[in-house]
Amino acid sequence: MAKQLPKIGIVFNDQGERLSAALDIEKMVAAASKNKAVIRTDVFTSPLVDNFEAWIDSSLSEHGMDRVLFYGGFTEQQKNLLSRTLQKAGINPYMVEWFDPLDQGLLNNKDDQAVRDKKALSLLKTVLARVKNLEPLEPEELPANERTLILGGGVTGLHTAASLVKQGKPVTLVEKNSGLGGKVAQLARFYPRMCDPHCGLEHVLFPVLEQELFDLRTLAKVEKLDGSPGRFEATVRHAPRYVNEQCDGCGKCETVCPVDLNDLEPLPECRLPAEVVEKDKTEGAEESQAQDEHAVSEEADASGEHVFSYDTPITRREPMFTRKAIHPSMPMPHPVAYVIEREHCPPQCRECEKVCPNNAVELDQKEKTETVEAGAVLLATGWDRYRTDKLDGYAYGLFPGVVDNLDMEQLLSPDNPHVKRLQGISPAELTSVGFIQCVGSRDECNLPYCSSVCCTVTMKQILELKRINPDVQCYVFYMDVRTSGFDESLYRQARESGAVFINERPSLVRYDESSKKLLVDAHDQILDRKLRAELDLLVLAGGMRPSDGSIEAGKILRMPTDKFGFFETHKQCYPAESQRSGIFVGGCAREPMNVSQSIESGAKAALEAQVFLGKSIHIEPTYPVVNDKKCDQCGRCVEECPFEVLSYNEKEIPVPDLAKCRQCGNCMGICPKVAVNLGHSNIKQYSSQIEVLGENTAFLSKKEPVILAFLCENDAWLAAREAQAQGLVPQNVVAMKVPCAGSVNNALIADALSIGIDGVFVGACPEDTCHYVKGNKLIQKRFDDLAEKLKSMSMDTERVTIAGIGPRDAELYVSSISECIEKLREKGPNPFKM
Amino acid sequence: MPPRVDWEKCDGCKAQDEPLCEQVCPGNLMTLNKDNKAYCRPLRHCWDCMSCTKVCPVGAIETRMPFQIGYHGAKLIPMVGTNSITWTCEDIYGNVKRYRYKNRIED
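So the sequences go chain by chain: A and B.
Each residue of the first sequence is one higher than the one before, counting from 14 in our numbering.
Each residue of the second sequence is one higher than the one before, counting from 8 in our numbering.
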């Protein structure tokens, strides 16, 4: 196909004489008109909108214009209006370029006008090189699925599912336990209103249960997730319940069941075989079981960072409750059908089957798997308690009467007819109860973070104990009381109720056999006095850790987690978005939070997920395209993409999954063969500009260095704009906007240096603030390699500089650039300079 | 003289089946060792074409000059741009010459 010469129309926006006051416009118009590709150049001094349509009409009919360069300052509103008018006239929105001379310091009247005029001409040529290489692009629509797949039927998952169903969106809720409710259903009371959690959960659940849109799968887990956002395909494994839907919960079977199970036996749940979870790891499993003596074993991985691992919780304490091997769904009896813990059944026993009036018992049910299609996935896999028995001094499990805060909730809960309370502790008979706060939390050797709810939970439990028995004496041993916000009123009430607060965390708990009391010695720092508490019950306020289900789901879905195992999100800006597109995170799987925060976080996640839940997904055409002729299949882009977007097609060429892609362009920056191009910011557009700029560096005297600055459009570009608006940036700098610093390919820097540009500056985000997770780290690594190469080429490594610049760091930008210029002045011109 | 690989820098092209130097070598001489670091198998078969040196994305490969061209200490370093290649020659006395060539690869 013969290449047609592009036909560029240039519009100079000289409203309010902004341009002509600073620059010699006539010269520029003359220079632009000399360019063969430019078909017309017009200077508008009045508002453009009035006569713009006439201008387009004549440009199209007389000159066959196919692209437009707007030169000057435009507000977003004007840009919007103009590009819409152009689009109506048939010009693709990606065939339009906006050039603001302010960004390059051309309007800065403090500097010499002769220099600025020359620089303006150079930059006009440069930007025309880009305009020549613009390509028309069309957005894409991908198929989507309206269904949301929610993992976890706790308070977060349940509320989110209910909200979605109310909006008319289908939901599949996958819960590993036999019943819904999660941890919240095991609590005695909600704070701050001290109501029964079952009431709150059922109030949400009942209207949803009947809805056709609500697809509930209990005793189930996702064991595999294929596809991409908008069209996920999840393989769900169902553990057998051994009771079918005929069950109406009459409870006859429970009366004949010969088996009693205590509460140290875990509740029935769907369990995935190890090989499903750890696909790549086969040897590690045994090792991790061997080291069970430390709940958090801090291993140093290859990178030298500490990795936290949790082993399976083994509780050594005395059993407190018993249940039958056949019982209603737990923690909440929804769904209604009973469940049988078959592994505890005596051989040949079929008593429940015989007695069931509805023929609901099916003792031969088998495990099965099903596929669920969904548009988005929401992880609400929650938390588990931290193993308080790891703190030896507190003797959890060794002395009777030492419990953790979740045990305490069960003790305070009203009696469940299906769960028999064993002889022992009854809340009404307690006379003195102690609470130790931060057990394992805010502790370098255990969980270094604060679990945020335990203090308020203790206040709640004190108030509940006082309600049951006003004479009970409560002691709280604490480091700091963290009852933030309105929870403070619970703290005040607890204080007013007569609970004693002792500002020390004791190290040892002893047990007096004769009096059957627990003895806790402490030194009150406020009274400066030793005291001893004699307790019937000691509650250890243990912290929250990511649940085993969270950790397992993280492995299966290949989710990045922080070092404690919570799912990583961009906490300030996108708290619900995980680093895997289409997978969202809510509740305590993200970080420790209380019930209302969990519900809100789930709602936020569901709202963000809407993008993938429509009839189709809209994709902007600025996605990366791999040139399969150039690609050598080295796989670097596949490996280093921050969002695991790329995979190989049948020809072994990496292709991006457009629904997952966030269009940061790191693949473009990484590719050693320069074979990846982002739509509307491709390599050719940059390299042609660099080439033209390299040939037109004479706007400064020979001694003055010219610096090409690649600036991340999220951060450094904004800082640079601000600095330019204040007139602080020297004329040595030519700025170029990039989607992410990580999208700058080393070949572009090599281009710039080899054509005689004195220095290259890359403005990335400050450390750990990259919106694309690690773009700044990736470019830093490549930069270091390039600097080494320059050294071996006997060039000054100072010619390349990288700096982390936040969006408001205008001063930092100016100082880093000035420093860079100063160094290059010392080093002299680039040896490649013509 | 054969290419020398800096194993500190070489990342084995992230342990792909064939690293770039292996793909590009006309004599099929480059390969990965068991630690996923590239090396040149039969050293004396190398033609000094420098393909591997040019293509290495982390700049881990250096081709040392044959003594007929330059004694120890002389260097020839390529730097690859988008459509150009830049050569830096340095002789044993430290005299540097630089050349930039446009290559003809189009999209």
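Mixed in with the good hints, there may be bad ones.
Claimed, not checked - Here are the simulated BS3-like cross-link-like pairs (lysine-lysine), alpha carbons at most 30 Å apart as the crow flies: (1) B/LYS44 <-> A/LYS790; (2) A/LYS642 <-> B/LYS61; (3) B/LYS41 <-> A/LYS20; (4) B/LYS44 <-> A/LYS49; (5) B/LYS61 <-> A/LYS576; (6) A/LYS145 <-> B/LYS109; (7) A/LYS138 <-> B/LYS109; (8) A/LYS182 <-> B/LYS41.
To be verified - The calculated label-pair distances, taken between Cβ atoms and stated as ranges, are: (9) B/ILE99 <-> A/SER33: 42 to 50 Å; (10) A/THR382 <-> B/LEU50: 50 to 58 Å; (11) A/ASN516 <-> B/LYS21: 41 to 49 Å; (12) B/ARG11 <-> A/SER33: 53 to 61 Å; (13) B/ARG11 <-> A/GLU581: 53 to 61 Å; (14) A/HIS216 <-> B/LYS21: 46 to 54 Å.
Calculated from the structure, these hints are not laboratory results.
Keep in mind it's a predicted model, so treat the numbers as computed, not measured.
A virtual CB, placed ideally from N, CA and C, is assigned to each residue, including glycine.
Quiz prompt | In rising order, the numbers of the hints this structure does not comply with | solution = 3, 4, 5, 8, 9, 11 and 13
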